Amino acid sequence: MTLADGVQLVSTLILAAMVIGAALGVVLFDNIVYSAFTLGGVFISIAGLYILMNADFVSAAQVLIYVGAVNVLILFAIMLVNKQEVYSPVPRRWIRKLSAALVSAGLFGLLTVMLLQTEWLPNAAQTAPDSTVILIGEHFFSDYLLPFELASILLLMALVGAVVIARRESIVGEDTAIVGEQPAPVLELPERPREPVA
Amino acid sequence: MDVANLASQLNAGAILPEGAVILTLMVVLIGELALGRASAARWTPYVAIAGLLLSVGLLCLQWDLTPTLSFLGSFNADKLSIVLRSIIALSTLVTILMSIRYVEQAGSSIGEFMTILLSATVGGMFLCGAEELTMIFVSLETLSIASYLLTGYMKRDPRSNEAALKYLLIGAASSAVFLYGLSLLYGLSGGETHLSAIANALAQGTNHLGLLIALVFVIAGISFKIAAVPFHQWTPDVYEGAPTPVVAFLSVGSKAAGFALAIRLLTQAFPAVVEQWQFIFTALAILSMVLGNVVAIAQTSMKRMLAYSSIGQAGFVMIGFVIGTEAGYASMIFYLLIYLFMNLGAFTCIILFALRTGTDQISEYAGLYQKDPLLTLALSLCLLSLGGIPPLAGFFGKIYLFWAGWQAGAYGLVILGLVTSVISIYYYIRVVKMMVVKEPQEMSDVVLNYPAINWTPLGMRPLQVGLFVTLIATSIAGILSNPLFTLVNNAVVEVPHLQTANAAKTPMAILPTTTPELPAPLVSNSDSTAL
Numbered sequence: 002m003t004l005a006d007g008v009q010l011v012s013t014l015i016l017a018a019m020v021i022g023a024a025l026g027v028v029l030f031d032n033i034v035y036s037a038f039t040l041g042g043v044f045i046s047i048a049g050l051y052i053l054m055n056a057d058f059v060s061a062a063q064v065l066i067y068v069g070a071v072n073v074l075i076l077f078a079i080m081l082v083n084k085q086e087v088y089s090p091v092p093r094r095w096i097r098k099l100s101a102a103l104v105s106a107g108l109f110g111l112l113t114v115m116l117l118q119t120e121w122l123p124n125a126a127q128t129a130p131d132s133t134v135i136l137i138g139e140h141f142f143s144d145y146l147l148p149f150e151l152a153s154i155l156l157l158m159a160l161v162g163a164v165v166i167a168r169r170e171s172i173v174g175e176d177t178a179i180v181g182e183q184p185a186p187v188l189e190l191p192e193r194p195r196e197p198v199a
Numbered sequence: 020m021d022v023a024n025l026a027s028q029l030n031a032g033a034i035l036p037e038g039a040v041i042l043t044l045m046v047v048l049i050g051e052l053a054l055g056r057a058s059a060a061r062w063t064p065y066v067a068i069a070g071l072l073l074s075v076g077l078l079c080l081q082w083d084l085t086p087t088l089s090f091l092g093s094f095n096a097d098k099l100s101i102v103l104r105s106i107i108a109l110s111t112l113v114t115i116l117m118s119i120r121y122v123e124q125a126g127s128s129i130g131e132f133m134t135i136l137l138s139a140t141v142g143g144m145f146l147c148g149a150e151e152l153t154m155i156f157v158s159l160e161t162l163s164i165a166s167y168l169l170t171g172y173m174k175r176d177p178r179s180n181e182a183a184l185k186y187l188l189i190g191a192a193s194s195a196v197f198l199y200g201l202s203l204l205y206g207l208s209g210g211e212t213h214l215s216a217i218a219n220a221l222a223q224g225t226n227h228l229g230l231l232i233a234l235v236f237v238i239a240g241i242s243f244k245i246a247a248v249p250f251h252q253w254t255p256d257v258y259e260g261a262p263t264p265v266v267a268f269l270s271v272g273s274k275a276a277g278f279a280l281a282i283r284l285l286t287q288a289f290p291a292v293v294e295q296w297q298f299i300f301t302a303l304a305i306l307s308m309v310l311g312n313v314v315a316i317a318q319t320s321m322k323r324m325l326a327y328s329s330i331g332q333a334g335f336v337m338i339g340f341v342i343g344t345e346a347g348y349a350s351m352i353f354y355l356l357i358y359l360f361m362n363l364g365a366f367t368c369i370i371l372f373a374l375r376t377g378t379d380q381i382s383e384y385a386g387l388y389q390k391d392p393l394l395t396l397a398l399s400l401c402l403l404s405l406g407g408i409p410p411l412a413g414f415f416g417k418i419y420l421f422w423a424g425w426q427a428g429a430y431g432l433v434i435l436g437l438v439t440s441v442i443s444i445y446y447y448i449r450v451v452k453m454m455v456v457k458e459p460q461e462m463s464d465v466v467l468n469y470p471a472i473n474w475t476p477l478g479m480r481p482l483q484v485g486l487f488v489t490l491i492a493t494s495i496a497g498i499l500s501n502p503l504f505t506l507v508n509n510a511v512v513e514v515p516h517l518q519t520a521n522a523a524k525t526p527m528a529i530l531p532t533t534t535p536e537l538p539a540p541l542v543s544n545s546d547s548t549a550l
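Order-wise, the sequence lines are chains A and B.
What the first sequence shows, in this note's numbering, is residues 2 to 199, in sequence order.
What the second sequence shows, in this note's numbering, is residues 20 to 550, in sequence order.
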């Protein structure tokens with residue numbers, strides 16, 4: 002084992018420990034702000050793993066998007082909601098926790114067995130490219146052109162949808178309502194809600 | 020690779036129909052932005068309808084071209100994808116016809132509604148032809164995210180909010196599971212993303228367990244999209260809370276896209292485990308048929324009833340999918356085509372009723388015949404067709420499905436399908452009986468106060484056109500079904516991977532003496548597969 006291999010192995014182990022530790026923190030902390038910060042830790046550790054796999058661009062994108070955008074957004078959401086509410090503990094909560102743990106452990110076992118049994122085919126391109134950015138760019142404008150372009154439609158639609166949901170409504174067409182005698186409810190379903198079952 | 024060389028290899032003409040839809044979307048969005056909401060609402064719906072008609076026309080023109088992969092293997096414009104893309108475009112068209120009045124009455128903007136709906140259509144249409152994992156995922160997400168947004172469109176209604184949130188959370192979870200399955204496929208095949216290359220790479224390996232786990236994860240994602248039991252829990256709440264035109268689109272367009280994904284991904288990428296995926300889908304079909312049809316009996320709200328009935332209908336369609344014969348796939352697409360008209364017809368009727376009376380409770384339909392014979396006739400015909408009553412289109416769709424299943428030896432499934440169809444006839448006829456049989460003194464309050472029938476307000480005419488188109492199609496598509504049969508048969512026969520998927524199975528070559536109404540080309544086709 003050369004020095005480079007040794008460094009890589011040790012870094013992988015450290016990063017893996019960080020991912021697992023931070024992920025456990027996300028699940029186990031009672032305070033949701035702590036969970037959000039440890040989630041940022043998970044993202045950063047995964048970015049480190051990407052660097053070890055020579056995926057420098059993906060790693061940078063991971064830090065920018067997940068840590069810079071997604072995680073900050075989560076923190077903002079927590080800050081804006083900021084509602085103190087006391088939850089009464091659900092009776093027999095341990096049954097739910099136990100079953101969730103059993104399912105997760107079973108899935109983990111299954112995936113581990115699968116990972117160990119499988120003979121993974123080696124990737125044809127073993128040598129790392131000089132510049133991943135150039136390679137990704139070439140793919141975007143050749144064989145991944147269509148999904149790349151479709152993603153722009155997806156983003157446009159998401160933008161329009163976000164505006165629709167977030168804006169304050171100025172109502173049009175209120176006077177043309179034809180439901181019975183009373184005017185139609187604005188921005189609500191025309192069907193009346195069902196009476197709650199007594 | 021220089022630009023001119025690349026452009027000649029892209030074969031971009033294959034996505035012209037989608038291009039037409041995208042162009043329409045832009046015109047609608049920019050037109051509304053430039054001219055203001057009130058004036059744009061008078062012409063943008065017609066632009067959208069014209070664009071969708073253009074898209075369907077372009078699809079028809081592509082029918083005779085030799086199918087070639089375009090965008091370096093990302094997109095396959097074969098006949099199967101042409102039929103399914105047409106189904107999605109048509110379902111959006113009818114959805115727009117019924118949504119103009121609905122959105123107008125809710126005081127919201129039709130332009131933005133149609134922009135999101137059209138991008139859902141683009142996603143669904145691309146999904147039908149996607150040949151590559153990245154393309155599949157991006158188009159699936161385009162369809163899904165647009166659906167979440169449309170579900171929450173009535174944002175002041177808590178039911179709509181609840182539906183959108185539930186749909187978003189469950190949908191995100193299922194997307195994640197689906198993506199995990201795709202990443203396993205990518206890894207197992209040694210870094211391939213094209214479906215045919217994945218199949219080649221997997222044929223050499225012996226990674227049975229990994230492949231099975233990938234299969235299960237992928238099926239979980241697909242089943243969520245087509246609302247197969249046990250991945251159906253979101254359906255009733257979402258159908259009840261979403262705006263009704265959106266429900267219509269989800270139950271037809273989105274479901275057709277899910278089935279298109281199922282056909283392409285499972286037959287092409289998983290030829291090594293055909294037995295297993297057919298087994299899983301058999302279980303899903305049985306559960307969907309039984310649960311969907313039985314729970315629908317107990318519903319009191321029309322939208323919820325149609326939600327459960329659509330689960331049951333998806334179960335019927337899955338019969339054609341699991342038997343894996345050519346006739347099976349053809350019958351499945353044929354049924355989707357018929358289902359498009361009858362289900363959208365039913366939704367047009369309940370939208371009209373809800374707009375006039377403000378309710379969708381089944382008991383409130385009592386005595387409608389006295390006040391609005393046209394609506395009663397249209398709703399009755401569509402519901403009877405959904406149930407499979409003989410002269411209507413749904414009967415021919417069902418008999419073709421069951422005949423294909425019987426030919427392939429799936430006796431149990433077909434018998435279960437027959438039994439559950441009888442159950443479904445019960446709850447469909449209950450609504451018809453409520454509307455027709457009741458005496459004038461048993462009329463419900465809302466029907467007593469039924470407003471005068473008036474087709475002049477903005478958006479009522481398109482609703483009327485949609486009502487008549489779906490009504491006529493539901494009534495005569497069964498009797499004049501021969502062209503449709505030929506169409507779907509041609510679509511299936513020319514797709515190579517549908518043949519290889521069932522090479523092992525030899526259906527019995529018995530002439531169907533019990534079903535004389537099936538046309539000649541169909542019979543000769545199925546015989547040629549058997550020999």
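Hints may be right or wrong, so weigh each one.
Simulated pairs of lysine-lysine, DSS-like, Cα-Cα distance not exceeding 27 Å [said to hold, decoys possible]:
(1) A:K98 x B:K174
(2) B:K98 x A:K84
(3) A:K84 x A:K98
(4) B:K174 x B:K185
Covered, in the sense of this in silico footprint (three residues per stretch, anywhere, with C-beta under 8 Å from a C-beta of chain A), are these stretches of chain B [to be verified]:
(5) 227-239
(6) 489-495
I should point out that these hints are in silico values taken from the structure, not numbers from a laboratory.
Just so you know, these numbers come straight off a predicted model, no measurement behind them.
Cβ coordinates follow ideal geometry from the N, Cα and C atoms, glycine included.
- Non-conforming hints, listed in increasing numerical order: Numbers 1, 2, 6 - these are the hints that the structure violates, sorted from lowest upward.
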